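Given the sequences, and given the hints that come with them, work out the whole structure.
If you read the protein sequences in the order shown, they are chains A and B.
Residues 1 to 246 in the numbering used here are what the first sequence lists, from first letter to last.
Residues 1001 to 1246 in the numbering used here are what the second sequence lists, from first letter to last.
Warning: the hint list may mix true and false statements.
Stated by the list, open to error - With a straight-line Cα cutoff of 27 angstroms, these simulated DSSO-like cross-link-like pairs (lysine-lysine) come out:
#1 B:Lys1091 / A:Lys179
#2 A:Lys142 / A:Lys219
#3 A:Lys133 / B:Lys1091
#4 B:Lys1133 / A:Lys77
#5 A:Lys134 / B:Lys1076
#6 A:Lys133 / B:Lys1077
#7 B:Lys1179 / B:Lys1134
#8 A:Lys77 / A:Lys142
#9 A:Lys133 / B:Lys1071
#10 B:Lys1133 / A:Lys76
#11 A:Lys77 / B:Lys1134
#12 A:Lys134 / B:Lys1091
#13 A:Lys33 / A:Lys44
#14 A:Lys71 / B:Lys1091
#15 B:Lys1134 / A:Lys91
#16 B:Lys1142 / B:Lys1091
#17 A:Lys133 / B:Lys1133
#18 B:Lys1133 / A:Lys91
#19 A:Lys91 / B:Lys1179
#20 A:Lys134 / B:Lys1077
#21 A:Lys71 / B:Lys1179
#22 A:Lys134 / B:Lys1134
#23 A:Lys76 / B:Lys1134
To be verified - Beta-carbon label-pair distances, calculated as ranges:
#24 A:Thr117 / B:Ala1229: 54 to 60 angstroms
#25 B:Arg1180 / A:Thr72: 28 to 34 angstroms
#26 A:Asp152 / B:Thr1039: 39 to 45 angstroms
#27 A:Thr117 / B:Glu1183: 21 to 27 angstroms
#28 A:Thr173 / B:Val1095: 36 to 42 angstroms
#29 B:Thr1173 / A:Gln36: 53 to 59 angstroms
#30 A:Lys142 / B:Glu1183: 34 to 40 angstroms
#31 A:Gln36 / B:Lys1145: 36 to 42 angstroms
Note that these hints are calculated values from the structure, not bench results.
Given the structure is predicted, the values throughout are model-derived calculations rather than measurements.
Glycine included, every Cβ here is placed at the ideal spot set by N, Cα and C.
2 protein chains.
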Amino acid sequence: MNRYKITVSYDGTDYAGWQVQLNGFAIQESLEKAIQTLTGAKVKVHGSGRTDQGVHARMQVAHFDLENPFKTSVFKKGLNAILPRDIRILKVEMVDPQFHARRSAVSKEYRYFILNTEIMPPFLRRYRTHIRKKLDVNAMKKAAKYLVGKHDFAAFTANPNRVVDRGTIRNLTRLEVIKRGAEIVIIARGEGFLYKMVRSLAGLLIRVGEGAVPPEDAKIILHSRERTARVPTALPEGLFLWRVDY
Amino acid sequence: MNRYKITVSYDGTDYAGWQVQLNGFAIQESLEKAIQTLTGAKVKVHGSGRTDQGVHARMQVAHFDLENPFKTSVFKKGLNAILPRDIRILKVEMVDPQFHARRSAVSKEYRYFILNTEIMPPFLRRYRTHIRKKLDVNAMKKAAKYLVGKHDFAAFTANPNRVVDRGTIRNLTRLEVIKRGAEIVIIARGEGFLYKMVRSLAGLLIRVGEGAVPPEDAKIILHSRERTARVPTALPEGLFLWRVDY
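Dropping the structure here:
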């Protein structure tokens, strides 16, 4: 048995998400089909985690097994020739059968991109969340500081019941807000994230930036451990799975 | 009669081009429909020139007339609310009825973007032409120098007969090749361009960069005034109408 690790980049705009859904195409499904076309083998591709509908990955990592070995360089070229242009294989590596894309990951980084301008240039519309109202970046930075660390993030997940087995405590090692001209980037790093957690964190930070929620309330909301309407889920187009570390 | 000048930005990927074609949607048509929805008036939108299927505009300029005046700020907001997100109105101005988007233009600039990497990131695939083979940028720069100036560009148009009325002589005031990391940008500026002229210039420069045509041959090809297979039309996705000056 040969285990392969692949590093994949994708534009999530036209997909129903990483995993096979009832409607629409999934990234995972496209990869499995391409591998089958190339090798003839029906495989299951395991990602480091799911990304939702419309969410992108600069670098997603996945693994799968093949009975017959396949040259990694040929694999990469072949898969890229078969796959649609919005999914690219950046790297193919043969790894130890102990390697597991999700369980072996030690940390993950997401980046949420906001374009804070009057008009959204058409060329960025798929990759940036457009906020017209001028955001107070300092307030956002202040709120972010309250959220960093090991906490119960139940107030920042779309469906806390989905994760009862592992609980809702996560270690958010980094949550930073950076302004680069008209662009505001939220960098979130941690060992793991709850369902829609990054978009919920971004949602609250945007509300804080808009002046709708005082930065200090981030602490109160966090400690409430209850999801309320004060924490909206930010739009998917601005979100990128940035990197997965092993 | 009130004449309006609009500055428009669009992602040409999903359009049949600027002008109404037999198949597919056109940018011009989308603008005319949006203006009609907003004002109730059936207008004809005149662009500074056409862009082909799949070609983008960072800044295209057009004009149209309305019998009843309309506040420009309301116009901009209203049109952007109606138009699809891949077409944005950057500016609306009331202008002298003598102003003509095509005839009043004194110069136009196009930029052709090449990404010279092994793998094309999915997020750039709509806006960059992907060339895998390492291009010799110095050879491209050298070839470009032969082409600058007032010449008969018959060898660089897809259909010289379409322009018999104005001939095939054009003044190419700037043709520059710039390398920025993995990106190569071809900047073409002139008073006017022939049909598919920029993509033909880019097509030859790419061939030169690939080593398939010696840079000196650019001169010979230009002077031949005959379109041959040595000058391919480069793909549309890398081309942007960059600006129109009046």
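Now for the hints, and whether the structure bears them out:
no., hint, result
1, B:Lys1091 / A:Lys179, "holds, 26 angstroms"
2, A:Lys142 / A:Lys219, "holds, 10 angstroms"
3, A:Lys133 / B:Lys1091, "holds, 19 angstroms"
4, B:Lys1133 / A:Lys77, "holds, 14 angstroms"
5, A:Lys134 / B:Lys1076, "holds, 19 angstroms"
6, A:Lys133 / B:Lys1077, "holds, 14 angstroms"
7, B:Lys1179 / B:Lys1134, "holds, 12 angstroms"
8, A:Lys77 / A:Lys142, "violated, 46 angstroms"
9, A:Lys133 / B:Lys1071, "holds, 22 angstroms"
10, B:Lys1133 / A:Lys76, "holds, 17 angstroms"
11, A:Lys77 / B:Lys1134, "holds, 17 angstroms"
12, A:Lys134 / B:Lys1091, "holds, 20 angstroms"
13, A:Lys33 / A:Lys44, "holds, 10 angstroms"
14, A:Lys71 / B:Lys1091, "violated, 54 angstroms"
15, B:Lys1134 / A:Lys91, "holds, 20 angstroms"
16, B:Lys1142 / B:Lys1091, "violated, 38 angstroms"
17, A:Lys133 / B:Lys1133, "violated, 44 angstroms"
18, B:Lys1133 / A:Lys91, "holds, 19 angstroms"
19, A:Lys91 / B:Lys1179, "holds, 26 angstroms"
20, A:Lys134 / B:Lys1077, "holds, 17 angstroms"
21, A:Lys71 / B:Lys1179, "violated, 34 angstroms"
22, A:Lys134 / B:Lys1134, "violated, 43 angstroms"
23, A:Lys76 / B:Lys1134, "holds, 19 angstroms"
24, A:Thr117 / B:Ala1229: 54 to 60 angstroms, "violated, 45 angstroms"
25, B:Arg1180 / A:Thr72: 28 to 34 angstroms, "holds, 31 angstroms"
26, A:Asp152 / B:Thr1039: 39 to 45 angstroms, "violated, 55 angstroms"
27, A:Thr117 / B:Glu1183: 21 to 27 angstroms, "holds, 23 angstroms"
28, A:Thr173 / B:Val1095: 36 to 42 angstroms, "violated, 56 angstroms"
29, B:Thr1173 / A:Gln36: 53 to 59 angstroms, "holds, 54 angstroms"
30, A:Lys142 / B:Glu1183: 34 to 40 angstroms, "holds, 37 angstroms"
31, A:Gln36 / B:Lys1145: 36 to 42 angstroms, "violated, 51 angstroms"
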